[in-house]
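Trainee: Okay, here's what each chain looks like letter by letter:
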Amino acid sequence: MDYSLTSEQELLRKTVREFAQGEIKPKALELDRKEEFSYELTKKMGQMGFLGAVCDPKYGGQGLDYLSYIIIVEELARVDASQAATVAAHNSLGVGPIYHFGSEEQKKKYLPDLCSGKKLWSFGLTEPEAGSDAGNSKTTATLKDDHWIINGSKIFITNGASKMTGGCTVQAITGKGQDGHKEISCILVEQNTSGFTAKEMHNKLVWRASNTAELYFDNVKTPAGNLLGKKGDGFRQMLATLDSGRLGIAAMGLGGAQGAFEATLKYAKERKAFGKPIASFQANAFKLADCATEIEAARNLLYKACWMKDQKKEFKTLAAQAKLYCSEVMYRVVNHAVQIHGGYGLMEEFPVAKFYRDQKLLEIGEGTSEVQRIVISRALGCYSE
Amino acid sequence: MKIAVLLKQTPDTETKIKIKSDASGVDETDIKWIINTYDEYAVEEALRLKEAVGTGEVVIVTAGIKRAVESMRQALAMGADRGILIDTEGLTLDSYTAAVILAKVLPNEKFDIVLAGKQAVDDDCVQVAHGVATLLDWPCVWPIEHIELSGDKKSVMVVRPVSGGTKEVFEVGLPTILCCDKGEHDPRYASLPGIMKAKTKPIQELKAADLLAGETPKVKWVNFSLPPDRQAGKILKGEPEQVCAELVKLLREEAKVI
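Listed in order, the protein sequences are those of chains A and B. All residue numbers for the first sequence refer to numbering that gives the first Met the number 0, where the first residue is 0 and numbers rise by one. All residue numbers for the second sequence refer to numbering that gives the first Met the number 0, where the first residue is 0 and numbers rise by one.
These are calculated hints, taken from the structure and not from any lab test. Where hints are given, some of them may not hold.
[What the hints assert, rightly or not] Keeping only pairs whose Cα atoms sit at most 20 Å apart, straight-line, the calculated DMTMM-like set for lysine to aspartate or glutamate is:
id: 1; chain 1: A; residue 1: K13; chain 2: B; residue 2: D29
id: 2; chain 1: B; residue 1: K196; chain 2: A; residue 2: E9
id: 3; chain 1: A; residue 1: K24; chain 2: B; residue 2: E170
id: 4; chain 1: B; residue 1: K200; chain 2: A; residue 2: D144
id: 5; chain 1: A; residue 1: K229; chain 2: A; residue 2: E293
id: 6; chain 1: A; residue 1: K117; chain 2: A; residue 2: E39
id: 7; chain 1: A; residue 1: K268; chain 2: B; residue 2: D185
id: 8; chain 1: B; residue 1: K181; chain 2: A; residue 2: E347
id: 9; chain 1: B; residue 1: K196; chain 2: A; residue 2: E7
id: 10; chain 1: A; residue 1: K265; chain 2: B; residue 2: E13
id: 11; chain 1: A; residue 1: K265; chain 2: B; residue 2: D29
id: 12; chain 1: B; residue 1: K196; chain 2: A; residue 2: D144
id: 13; chain 1: B; residue 1: K1; chain 2: B; residue 2: E147
id: 14; chain 1: B; residue 1: K198; chain 2: A; residue 2: E22
id: 15; chain 1: A; residue 1: K220; chain 2: A; residue 2: D144
id: 16; chain 1: B; residue 1: K166; chain 2: B; residue 2: D151
id: 17; chain 1: A; residue 1: K13; chain 2: B; residue 2: D185
id: 18; chain 1: A; residue 1: K13; chain 2: B; residue 2: E69
id: 19; chain 1: B; residue 1: K65; chain 2: B; residue 2: E88
id: 20; chain 1: A; residue 1: K42; chain 2: B; residue 2: E13
id: 21; chain 1: A; residue 1: K229; chain 2: A; residue 2: E103
id: 22; chain 1: A; residue 1: K303; chain 2: A; residue 2: E269
id: 23; chain 1: A; residue 1: K117; chain 2: A; residue 2: E182
id: 24; chain 1: A; residue 1: K181; chain 2: A; residue 2: D232
id: 25; chain 1: A; residue 1: K220; chain 2: A; residue 2: E269
id: 26; chain 1: B; residue 1: K198; chain 2: A; residue 2: E327
id: 27; chain 1: B; residue 1: K198; chain 2: A; residue 2: E7
id: 28; chain 1: B; residue 1: K31; chain 2: A; residue 2: D55
id: 29; chain 1: A; residue 1: K265; chain 2: B; residue 2: D11
id: 30; chain 1: B; residue 1: K181; chain 2: A; residue 2: E22
id: 31; chain 1: B; residue 1: K196; chain 2: A; residue 2: E327
id: 32; chain 1: B; residue 1: K65; chain 2: A; residue 2: E7
id: 33; chain 1: B; residue 1: K49; chain 2: B; residue 2: E170
id: 34; chain 1: B; residue 1: K198; chain 2: A; residue 2: D64
id: 35; chain 1: B; residue 1: K15; chain 2: A; residue 2: E199
id: 36; chain 1: B; residue 1: K31; chain 2: A; residue 2: E17
id: 37; chain 1: A; residue 1: K26; chain 2: A; residue 2: D232
id: 38; chain 1: B; residue 1: K1; chain 2: B; residue 2: E214
Model, not experiment: these values are computed from the prediction.
Please build the complete structure, drawing on both the sequences and the hints.
Mentor: Structure follows, in structure tokens:
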């Protein structure tokens with residue numbers, strides 16, 4: 000058993016940390032306040048190679064192992080959830096499905112621009128009336144004269160409406176399976192296709208500097224060749240995409256918890272009350288001890304899940320556990336962080352306020368905590384008779 | 000264009016330095032190691048020179064123990080082509096012996112330009128690059144904030160800041176050793192492709208002991224101690240005339256600065 004990272008992974012962490020501190024941190028609060036997506040930072044992150052992390056170099060990717068990619072997301076989230084979200088969503092949900100399920104032709108056409116950061120790509124799954132209940136999706140795609148005709152809408156789609164978004168992998172009902180269930184397929188829809196509207200969503204509590212979209216499809220006509228993989232494979236593709244995506248959300252929980260914890264430890268050692276640093280009061284010291292312990296446990300769980308994936312072993316349940324645990328660890332850490340900061344913790348000038356807000360998404364996006372508990376308890380065989 | 004960068008691994012400038020209990024040196028247990036800050040500027044300038052010419056090689060030359068490879072890899076990930084580690088395991092080098100071993104290695108490689116940081120942020124000795132230049136009888140300019148290669152690529156124009164905001168401009172023939180200050184270009188981040196490529200770039204290893212040829216350090220470290228804690232300041236109160244007189248008296252008699 001060996002817990003050490005490779006020297007490349009160490010160098011990667013150091014580099015991403017320096018980038019996040021040097022380039023993102025000075026702008027993060029302002030972008031968050033103005034609810035502004037930064038094209039400049041996204042472009043820089045593309046130049047750094049963050050946007051095609053695990054993709055094969057022959058399509059312009061970096062060919063990293065999954066753990067290395069997770070370290071990137073963790074280090075970005077340690078400084079700013081919004082930028083981490085742009086990167087995590089693009090890698091897991093944008094590049095991922097095309098890379099894993101696309102035809103050679105589709106990969107060659109789309110991946111180089113997506114890996115270099117010239118364009119972003121989104122994944123259209125959630126609908127106004129279908130979140131956890133994905134089976135209730137209403138968006139349809141009908142094949143007619145070598146084209147899919149798509150109708151419906153999607154909501155809460157990360158990277159879906161930026162000026163650099165190249166398109167979306169849309170989940171749509173393409174018929175009825177033999178078992179009577181809806182047949183789901185994934186179809187690649189380019190951004191400028193007629194009838195396709197992408198609208199930015201604003202007034203968010205979380206991830207305010209990331210791009211979130213509502214997508215509308217009104218008789219959108221897209222070539223039959225834009226089907227991803229086989230007809231009817233959409234549900235399986237979506238589940239596999241989410242298994243990996245959960246590791247990205249877990250990394251955001253871990254990184255965010257780490258960032259909030261570090262800021263709080265520093266504050267608690269500097270801030271004095273009753274003539275002593277407040278870190279020396281056991282009420283605070285024990286909270287900090289709990290945070291450090293839970294972060295350590297979260298990191299080990301997440302890294303193990305990544306290791307399992309990199310070893311091509313079954314990692315689905317561990318991914319759900321890591322996503323659930325890391326996001327809930329961050330929940331507890333940011334709660335302590337704001338409490339220890341007292342009144343200052345309620346002010347946006349201090350970084351913990353943003354960590355406190357940004358945390359909440361992690362228990363909701365890419366499968367709520369409740370859904371993760373279903374995945375885990377199913378794996379335990381709780382519901383089989 | 001063949002360029003060498005003399006790179007030293009030093010403690011992070013934010014490290015809280017601790018002295019070993021027997022005062023024989025610095026306690027290295029909790030130290031985070033980095034590329035010497037000024038050497039990182041030298042790496043950036045070397046990469047820019049190579050990019051401006053379009054061809055050539057940037058070689059990282061480091062005298063240090065194996066731990067320093069981590070910093071060399073970082074420079075390779077920034078874009079340098081290969082490295083030469085002169086392994087100093089078991090030896091204590093001073094500026095003189097460090098210059099001796101570097102001066103043995105550099106001529107074999109026929110470098111056009113050798114860049115170094117203007118000083119190392121750990122011992123602040125500011126002597127190694129000058130020592131190498133002296134031993135090789137090469138021109139050396141310290142410190143520089145701007146480098147430009149001449150059209151015929153046979154010399155460089157360098158800008159050296161001197162006191163009072165004045166700048167000196169030199170034209171220097173090659174080969175030369177130039178010591179970089181914080182210049183106009185921030186060191187680039189190692190990109191992911193850079194990090195992936197760095198692991199396959201060669202680092203040649205030489206033994207410092209084989210290069211010393213009987214030379215020994217001219218400096219002996221006798222004892223290490225931390226500077227004394229700063230005393231609390233003094234606030235003078237009263238009428239301006241009295242305060243001024245008191246201040247002058249204290250500056251003269253107590254602080255002994257005027």
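Trainee: Does each hint hold? Answer for all of them.
Mentor: Status of each hint after checking the structure:
1. For the hint pairing K13 (chain A) with D29 (chain B), the CA-to-CA distance comes to about 17 Å; that is within 20 Å, so the pair holds.
2. For the proposed pair K196 (chain B) and E9 (chain A), the alpha carbon gap of about 15 Å is at most 20 Å, so the pair holds.
3. For the proposed pair K24 (chain A) and E170 (chain B), the alpha carbon gap of about 41 Å is over 20 Å, so the pair is violated.
4. Taken as a hint, the K200 (chain B) and D144 (chain A) pair is broken in the structure, with Cα atoms around 54 Å apart against an allowance of 20 Å.
5. Straight-line distance between C-alpha atoms of K229 (chain A) and E293 (chain A) comes to about 42 Å, which puts the hinted pair past the 20 Å bound.
6. Using a Cα cut-off of 20 Å, the hinted pair K117 (chain A) and E39 (chain A) holds, with the two alpha carbons roughly 12 Å apart.
7. Proposed proximity of K268 (chain A) and D185 (chain B) is contradicted: the alpha carbons are some 32 Å apart, above 20 Å.
8. Between the alpha carbons of K181 (chain B) and E347 (chain A) the distance comes to roughly 34 Å, so the proposed pair goes past 20 Å and is violated.
9. A distance of roughly 10 Å separates the Cα atoms of K196 (chain B) and E7 (chain A); the hinted pair therefore holds under the 20 Å criterion.
10. Between K265 (chain A) and E13 (chain B), the direct Cα distance comes to roughly 14 Å. Compliance with the 20 Å bound is thereby established for this hinted pair.
11. Of the pairs offered as hints, the one joining K265 (chain A) and D29 (chain B) holds, with about 18 Å between alpha carbons and a cut-off of 20 Å not exceeded.
12. Between the alpha carbons of K196 (chain B) and D144 (chain A) the distance comes to roughly 48 Å, so the proposed pair goes past 20 Å and is violated.
13. Distance hint between K1 (chain B) and E147 (chain B) is fulfilled; the C-alpha atoms sit about 15 Å from each other, no more than 20 Å.
14. For a cut-off of 20 Å, the pair hint linking K198 (chain B) to E22 (chain A) is broken: about 26 Å separates their Cα positions.
15. For the hint linking K220 (chain A) to D144 (chain A), the alpha-carbon distance of about 10 Å falls within 20 Å, and the restraint holds.
16. Taking the CA atoms of K166 (chain B) and D151 (chain B), the gap is about 24 Å. The hint is violated against a cut of 20 Å.
17. For the hint pairing K13 (chain A) with D185 (chain B), the CA-to-CA distance comes to about 17 Å; that is within 20 Å, so the pair holds.
18. Note on K13 (chain A) and E69 (chain B): the hinted pairing holds, with a Cα-Cα distance of about 11 Å set against a maximum of 20 Å.
19. Distance restraint check for K65 (chain B) and E88 (chain B): the Cα-Cα separation of roughly 8 Å lies within the 20 Å cut-off, and the hinted pair is therefore satisfied.
20. Annotation: proposed proximity of K42 (chain A) to E13 (chain B) is violated, straight-line Cα distance about 30 Å (limit 20 Å).
21. Proximity of K229 (chain A) to E103 (chain A) is assessed by CA-CA distance (about 14 Å); at most 20 Å being required, the pair is judged to hold.
22. Distance check on the hinted pair: K303 (chain A) and E269 (chain A) sit about 35 Å apart at the alpha-carbon level, beyond 20 Å; violated.
23. Straight-line distance between C-alpha atoms of K117 (chain A) and E182 (chain A) comes to about 33 Å, which puts the hinted pair past the 20 Å bound.
24. Taking the CA atoms of K181 (chain A) and D232 (chain A), the gap is about 11 Å. The hint holds against a cut of 20 Å.
25. For the hint linking K220 (chain A) to E269 (chain A), the alpha-carbon distance of about 61 Å lies beyond 20 Å, and the restraint is violated.
26. At most 20 Å may separate the alpha-carbon atoms for a hinted pair to count; K198 (chain B) and E327 (chain A) exceed this at roughly 37 Å.
27. Between K198 (chain B) and E7 (chain A), the direct Cα distance comes to roughly 7 Å. Compliance with the 20 Å bound is thereby established for this hinted pair.
28. Restraint check for K31 (chain B) and D55 (chain A): the C-alpha separation of about 33 Å exceeds 20 Å, so the hint is violated.
29. For the suggested pair K265 (chain A) and D11 (chain B), the alpha carbons sit about 18 Å apart, so the restraint of at most 20 Å is met.
30. The suggested pairing of K181 (chain B) with E22 (chain A) holds, with an alpha-carbon distance near 19 Å, which does not exceed 20 Å.
31. Restraint check: the Cα-Cα separation between K196 (chain B) and E327 (chain A) comes to about 37 Å, which exceeds 20 Å; the hinted pair is violated.
32. With a C-alpha separation of about 16 Å, the suggested pair K65 (chain B) and E7 (chain A) falls inside the 20 Å cut-off, and the hint holds.
33. Only pairs whose Cα atoms come within 20 Å are accepted, and K49 (chain B) paired with E170 (chain B) is accepted, the gap being roughly 19 Å.
34. Only pairs whose Cα atoms come within 20 Å are accepted, and K198 (chain B) paired with D64 (chain A) is accepted, the gap being roughly 15 Å.
35. With a CA separation close to 48 Å, the supplied pair K15 (chain B) and E199 (chain A) exceeds the 20 Å bound.
36. For the suggested pair K31 (chain B) and E17 (chain A), the alpha carbons sit about 14 Å apart, so the restraint of at most 20 Å is met.
37. For the hint linking K26 (chain A) to D232 (chain A), the alpha-carbon distance of about 41 Å lies beyond 20 Å, and the restraint is violated.
38. This hinted pair does not check out: K1 (chain B) and E214 (chain B) have alpha carbons roughly 29 Å apart, beyond 20 Å.
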